[in-house]
Amino acid sequence: MGSTSLLPTHQLRDSQIFRARMHDASPQENAKRSYDRAKAIGLAYNMTAEDVRTLSPKFWDVHRDPLLAMDGACVTLLTIQYNLVVGTLSHHLHERADLASLVDDLLTYRKIGQFLLTELGHGLDAENIETVAQWMPDADAFLLHTPDPQAAKFMPPTVPMGTPCVGIVLARLVVENEFRGIRPFIVELNDGMRMCPGITAQRLPYREGTNPVNHALTSFSHVRLPRAALLGSLDAPPSLRDAFRTSIARTAVGTLAVSLWACSALDVYAALGLRYSLRRMALGAPIWRFRTQQAPVLAAIAYAHVLDALLHWATDVYADARVDVRVRNAVAACAKAVTVQHAQPAARGVAERCGALGLFAVNQMSVLHDETRGVAISEGDILGLSIRLATELLLGRYSLPAPADPTSLLALHEAGLLATLRERLARLPHHRAPGFNTHILPHCRALVEAAGHRLAYDAARARGVPAPLVQLYVARALRHDAAWYAECAGLGTEAQDAMERDAQDAVLRRVDEFVGALPGPPFVTAPIAGEAAWEVFVAGLELFGESSVGRGVREAVRAQL
Numbered sequence: 001m002g003s004t005s006l007l008p009t010h011q012l013r014d015s016q017i018f019r020a021r022m023h024d025a026s027p028q029e030n031a032k033r034s035y036d037r038a039k040a041i042g043l044a045y046n047m048t049a050e051d052v053r054t055l056s057p058k059f060w061d062v063h064r065d066p067l068l069a070m071d072g073a074c075v076t077l078l079t080i081q082y083n084l085v086v087g088t089l090s091h092h093l094h095e096r097a098d099l100a101s102l103v104d105d106l107l108t109y110r111k112i113g114q115f116l117l118t119e120l121g122h123g124l125d126a127e128n129i130e131t132v133a134q135w136m137p138d139a140d141a142f143l144l145h146t147p148d149p150q151a152a153k154f155m156p157p158t159v160p161m162g163t164p165c166v167g168i169v170l171a172r173l174v175v176e177n178e179f180r181g182i183r184p185f186i187v188e189l190n191d192g193m194r195m196c197p198g199i200t201a202q203r204l205p206y207r208e209g210t211n212p213v214n215h216a217l218t219s220f221s222h223v224r225l226p227r228a229a230l231l232g233s234l235d236a237p238p239s240l241r242d243a244f245r246t247s248i249a250r251t252a253v254g255t256l257a258v259s260l261w262a263c264s265a266l267d268v269y270a271a272l273g274l275r276y277s278l279r280r281m282a283l284g285a286p287i288w289r290f291r292t293q294q295a296p297v298l299a300a301i302a303y304a305h306v307l308d309a310l311l312h313w314a315t316d317v318y319a320d321a322r323v324d325v326r327v328r329n330a331v332a333a334c335a336k337a338v339t340v341q342h343a344q345p346a347a348r349g350v351a352e353r354c355g356a357l358g359l360f361a362v363n364q365m366s367v368l369h370d371e372t373r374g375v376a377i378s379e380g381d382i383l384g385l386s387i388r389l390a391t392e393l394l395l396g397r398y399s400l401p402a403p404a405d406p407t408s409l410l411a412l413h414e415a416g417l418l419a420t421l422r423e424r425l426a427r428l429p430h431h432r433a434p435g436f437n438t439h440i441l442p443h444c445r446a447l448v449e450a451a452g453h454r455l456a457y458d459a460a461r462a463r464g465v466p467a468p469l470v471q472l473y474v475a476r477a478l479r480h481d482a483a484w485y486a487e488c489a490g491l492g493t494e495a496q497d498a499m500e501r502d503a504q505d506a507v508l509r510r511v512d513e514f515v516g517a518l519p520g521p522p523f524v525t526a527p528i529a530g531e532a533a534w535e536v537f538v539a540g541l542e543l544f545g546e547s548s549v550g551r552g553v554r555e556a557v558r559a560q561l
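Using UniProt numbering, the first residue of the sequence shown is number 1, and each one after it goes up by one.
In case anyone wonders, no lab produced these hints; they're calculated from the structure.
One or more hints might be untrue.
Simulated restraints, written as ranges between beta carbons of each label pair [said to hold, decoys possible]:
id: 1; residue 1: P286; residue 2: A426; range: 28 to 38 Å
id: 2; residue 1: S399; residue 2: H443; range: 15 to 25 Å
id: 3; residue 1: N128; residue 2: V536; range: 50 to 60 Å
id: 4; residue 1: A20; residue 2: A415; range: 19 to 29 Å
id: 5; residue 1: V323; residue 2: L428; range: 23 to 33 Å
id: 6; residue 1: D105; residue 2: T438; range: 45 to 55 Å
id: 7; residue 1: P406; residue 2: S221; range: 22 to 32 Å
id: 8; residue 1: A506; residue 2: D320; range: 48 to 58 Å
Positions of the beta carbon are idealized from the N, C-alpha and C atoms, including for glycine.
Throw the hints in and build the complete structure from the sequences for me.
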């Protein structure tokens with residue numbers, strides 16, 4: 001990601017739909033604005049079906065666009081539209097030329113796309129969803145039905161928003177009373193104004209603390225679908241599980257795509273924390289002089305640079321079809337695990353150092369933190385991904401890319417955890433034994449995060465991330481398992497403190513340079529970031545009574561606008 005002036009979206013930042021004050025509008029108005037923003041960004045990139053199918057650099061760039069840090073709801077809508085819906089359809093274009101017009105409508109936002117997989121009663125247990133598509137040979141059609149309330153599709157924003165909406169609905173294909181796998185179906189959900197016959201959407205309450213999305217429960221009552229609605233063959237696949245994983249393959253891409261947004265959020269934390277700390281005064285000097293103020297900001301800066309390198313490397317690996325798909329998915333899982341692991345505490349740490357002002361959504365940090373929580377769950381819950389990945393690594397079914405430096409602290413930690421858990425597993429009769437639940441399962445996420453730390457370190461060094469940032473990243477990574485490094489690497493508390501202190505000093509000397517190199521600073525919209533922004537914000541607040549001082553401030557600000 002280069003200069004923001006070179007981005008396809010560089011002119012959108014100052015457009016009306018991005019300058020609008022979200023806190024002045026209702027949740028419904030903001031939800032609608034997020035659709036408009038997603039459309040504007042999507043059209044700016046002029047994405048093609050081939051970009052989406054092959055995971056071109058442009059596909060990853062749209063997810064890493066720093067403009068998305070201004071609106072997490074926007075990235076939700078955008079990644080559903082392009083990755084899940086267009087991505088799924090693009091893999092069928094070679095055999096279904098009739099899909100080309102639909103794909104074009106989605107790429108140009110003449111239609112909104114949604115992906116309906118998860119059900120209310122089946123979260124991570126998606127292989128047991130209940131929605132049924134019954135083949136009726138006499139009618140040459142399917143009958144799509146939600147058999148009970150727990151089978152309602154959960155979360156996709158399917159309520160009418162003024163533009164026709166089409167969904168990819170995952171359902172159990174039944175032909176002549178035989179279950180033939182969970183398969184994707186194209187379903188017209190609404191015409192932009194009302195739901196299509198037999199389809200019901202119930203909008204869920206808006207998630208507190210985030211940009212609003214029209215998440216909904218969606219149900220089907222004997223909806224008739226044409227033969228062409230099915231993506232794929234009526235025939236029973238050789239493996240039901242493999243067919244299911246193929247149908248939802250784009251969710252694995254999404255695991256990595258949403259991590260790119262979390263990295264953009266880190267850019268904002270870093271820049272915002274620095275600006276506020278330089279502006280806020282205590283005892284006649286900026287509070288930036290205190291190490292307690294510097295520490296979370298410096299950590300966020302290091303995380304942003306190192307994770308940017310990790311995600312660049314990971315997207316290259318994922319787009320390389322020569323790499324075993326299991327390894328590609330493993331890299332994506334590791335990247336997501338560490339990105340969220342670093343982004344959430346970074347937001348919390350910077351927000352806490354901004355005091356009461358950090359609590360307000362308009363100052364970005366609380367919103368970005370809560371939206372990062374959504375990233376942790378969407379496109380593959382991190383804990384679920386970690387359990388599966390760690391189990392397969394312990395069983396030796398495949399391996400992550402080897403460390404560039406096996407002697408590095410982070411590589412030794414990863415290898416040490418892997419060896420310990422393999423020893424525990426060897427004492428069990430098999431990996432489905434009861435002891436796996438208590439001896440292995442609680443440590444799966446830690447193993448995946450340790451692997452992610454090492455991968456991030458390797459990527460940062462290969463990409464030429466400045467040494468002070470890499471050193472601070474390593475020092476912060478040690479904190480996640482300080483006991484192991486003390487017991488197994490001979491680094492006690494004092495040594496770990498010294499590593500972090502020295503790295504912080506080195507980053508501090510070049511802090512303006514390091515923050516200036518991030519793409520996020522132009523997208524800091526928080527009023528607390530600068531005096532002028534704060535004055536404009538205060539002048540626009542609803543007024544009850546007015547003193548001569550207050551009137552003078554308002555008039556002075558308005559005169560400058």
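A quick look at each hint next to the structure:
Roughly 56 Å separates the CB atoms of P286 and A426, a value that falls outside the hinted 28 to 38 Å. Between S399 and H443 the Cβ separation comes to about 18 Å, which falls inside the hinted range of 15 to 25 Å. The given range of 50 to 60 Å is respected by N128 and V536, whose C-beta atoms sit roughly 53 Å from each other. Separated by about 51 Å at the C-beta atoms, A20 and A415 break the suggested range of 19 to 29 Å.
The hinted window of 23 to 33 Å between V323 and L428 holds, with their beta carbons roughly 31 Å apart. Distance hint check: the CB atoms of D105 and T438 are about 51 Å apart, consistent with the given range 45 to 55 Å. In this structure the hint that P406 and S221 lie 22 to 32 Å apart at CB is violated, the actual value being about 59 Å. Taking 48 to 58 Å as the suggested C-beta distance range, the pair A506 and D320 does not conform, at roughly 35 Å.
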